[in-house]
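Protein chains in written order, with this note's numbering: chain R, 1 to 348; chain A, 1 to 348.
I should point out that these hints are in silico values taken from the structure, not numbers from a laboratory.
Please read these numbers as outputs of a predicted model, since none were measured by experiment.
Every residue gets a Cβ at the ideal spot worked out from N, C-alpha and C, and that includes glycine.
Incorrect hints may have been included.
[Claimed, not checked] Short derived list, chain R residues pointing at chain A, Cβ under 10 Å:
#1 A195
#2 A201
#3 Q220
#4 S232
One letter stands for each residue in the lines below.
Protein chains: 2
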Amino acid sequence: MQIETPYLMFLGDVPDRLAAKTAYGIKDWRPEWCVGQVRLPGCAADLGIQDLSLEEAVARGCKTMVIGVANAGGVLPEHWVSEIVAALKAGLDIASGLHTRLGAVPTIAEAAAATGRQLHDVRHTSETFATGKGTKRPGRRLLSVGTDCSVGKKYTVLALERGMRARGLDADFRATGQTGVFISGRGVAIDAVVADFISGAVEWIAPAADPDHWDLLEGQGSLFHPSFAGVSLGLLHGAQADTFVVCHEPTRTTMRGVRHALPTIQAVIDLTIQLGRLTNPDIRPVGIAVNTQDLEEEAARTLLDDLAREHGLPATDPVRFGVDGIIDRLLSEFPPGAGIATVGVPAP
Amino acid sequence: MQIETPYLMFLGDVPDRLAAKTAYGIKDWRPEWCVGQVRLPGCAADLGIQDLSLEEAVARGCKTMVIGVANAGGVLPEHWVSEIVAALKAGLDIASGLHTRLGAVPTIAEAAAATGRQLHDVRHTSETFATGKGTKRPGRRLLSVGTDCSVGKKYTVLALERGMRARGLDADFRATGQTGVFISGRGVAIDAVVADFISGAVEWIAPAADPDHWDLLEGQGSLFHPSFAGVSLGLLHGAQADTFVVCHEPTRTTMRGVRHALPTIQAVIDLTIQLGRLTNPDIRPVGIAVNTQDLEEEAARTLLDDLAREHGLPATDPVRFGVDGIIDRLLSEFPPGAGIATVGVPAP
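Isolated chain R (complex conformation) (with noise of 0.2 Å):
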């Protein structure tokens, strides 16, 4: 799905921040698409963005309402149902998070059929996906691994995209996840793919491209979680990674919603190669990303300190301290230019 930019933020009457957690992590990566928002009577999250009327959001130019927010219960309340309807009255698409099809709302059904808006259901798809193929293709692609789930594996590649460009770097994030897709206006959560297709639907996230143009992709569980292995697996064989970071939070002590202990970076680094080269042969690390937040920043420089000489890798928290250290080594394993020996040039 293509979600069209800017947005017009719905965060409804939620009761806290956490259950706009998704609507905060598009402000935080693309301030500039949010223009404005829409808050209910009682809202408590607050994006510190204009509150706009329905009106004066369109004549800002808003396309898309994106509702970023959990409700209780999984069930559209009614008075979100009916600021929804006026949406798609006053000229905007609505693109939602809910575990609840827009579409099966028979009101918000009928009134983008009349008003001939779109609803994206980023937790669902409608896209139709081939199999996974396998066969190279041109462009360089980077996938965040993890020794987890929610180890920062979106924000570290978020981070490598703006730095990256920032060095005038051809790169684009590349979502598979909710929060992602509306961070990248296009993009498929994978959990909601079905199984037979999550490589294809990683081939089709992150299609054939320039040489030297990097994809980013953002990755899911981990080769070592007993419940999401099988979608880590497939999301580097679709990615056909050239290259990885391994994400890590340290304080961990057991896998997330599982009995099962965290794999060592190193036991990551060599499965991500081990099966990885399956669909990339030269697939290497370029870095290691740590979320540090529990550890003073003396004990976390000494942590990524350790890390890096033990594993001979830029080992950086992308949040405190950059990830210029990641993009230099990734410049020198993979300089531009080289890219274009990939595509395969036939033989005079």
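Could you slot chain A onto chain R? The hints should help.
Leaving out everything else, chain A in the frame of chain R:
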């Protein structure tokens, strides 16, 4: 889903046997459930069982009419729709392997609602799964794995079920594909499950059981297949396989649908053990199953002897030479009574 048995087999007016492949598979493995068939004028398939009217089928105890045929173009032809509606009115449930959902055809949906009969779409699932937990559960589990897709994984576990039951062992085939679901009357086509829930669905398909009970799980794809390795890995983790049989087709030169070379049997054994250990540290192989239909008997026996010697495992073609050697090995590796230890008996 649980499909009520026995079945009335609907063959429609398919132009050849291949279009009724699923129906033949059900008839081969569950002849006792296939009470009769319905063939429309022009039908080129014949299961060799009695042609019955809907009323005769109901009188003989049929509970479900099974649509185990592929229709051209994916659209349900009008003359099939009227037969399906008539079957519902006669008192039969309908189970379909078609891409089109039965309930998406208004006249079928209305007839099902009016008669209170069930519609089963085997390619789709309305079941909600939890994510896999990777927690050890009692009971024994064998998974068929492969060097590729379509190398006899379903056939191998069905042959094992038949052979083990003949020896009085407690064993159940567990389906993960469309034809398998009809054969077991239960299960989930894994290619209908959303990516995040592969291993969770497999935990549901093969739940906790008596310590000496064997679930014989139909594998899918291959850990080495660039399109489907994620599915194969989720299956392996969800199965928590105690053991596995490697299935192979010796004349194949590239993996199905892609240009990748086939892995060796040894590579499949090694990677299955390496990755399977995440949810079952004691995983080990008990046999090799080879589809030798393209080889003369002498050549087939030589190949199997060589493979058995090379890998130190029983190697057989389940169709040609049976599965006794694999069952012998299974019983010596996992003697009945020993399984009780895995349940975790509380200390006195």
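Comparing the hints with the structure gives:
Evaluation of the R/A195 hint against chain A yields a held restraint, the C-beta minimum of about 5 Å falling below 10 Å. Because the smallest distance between the Cβ of R/A201 and any Cβ of chain A comes to about 9 Å, under 10 Å, the interface hint for this residue holds. A cut of 10 Å between beta carbons decides the hint on R/Q220: the least distance to chain A is about 8 Å, and the hint holds. Annotation: R/S232 was flagged as interfacial toward chain A, and the flag holds, the nearest CB pair being 8 Å apart, inside 10 Å.
This entry satisfies every hint, going by the numbered hints stated previously.
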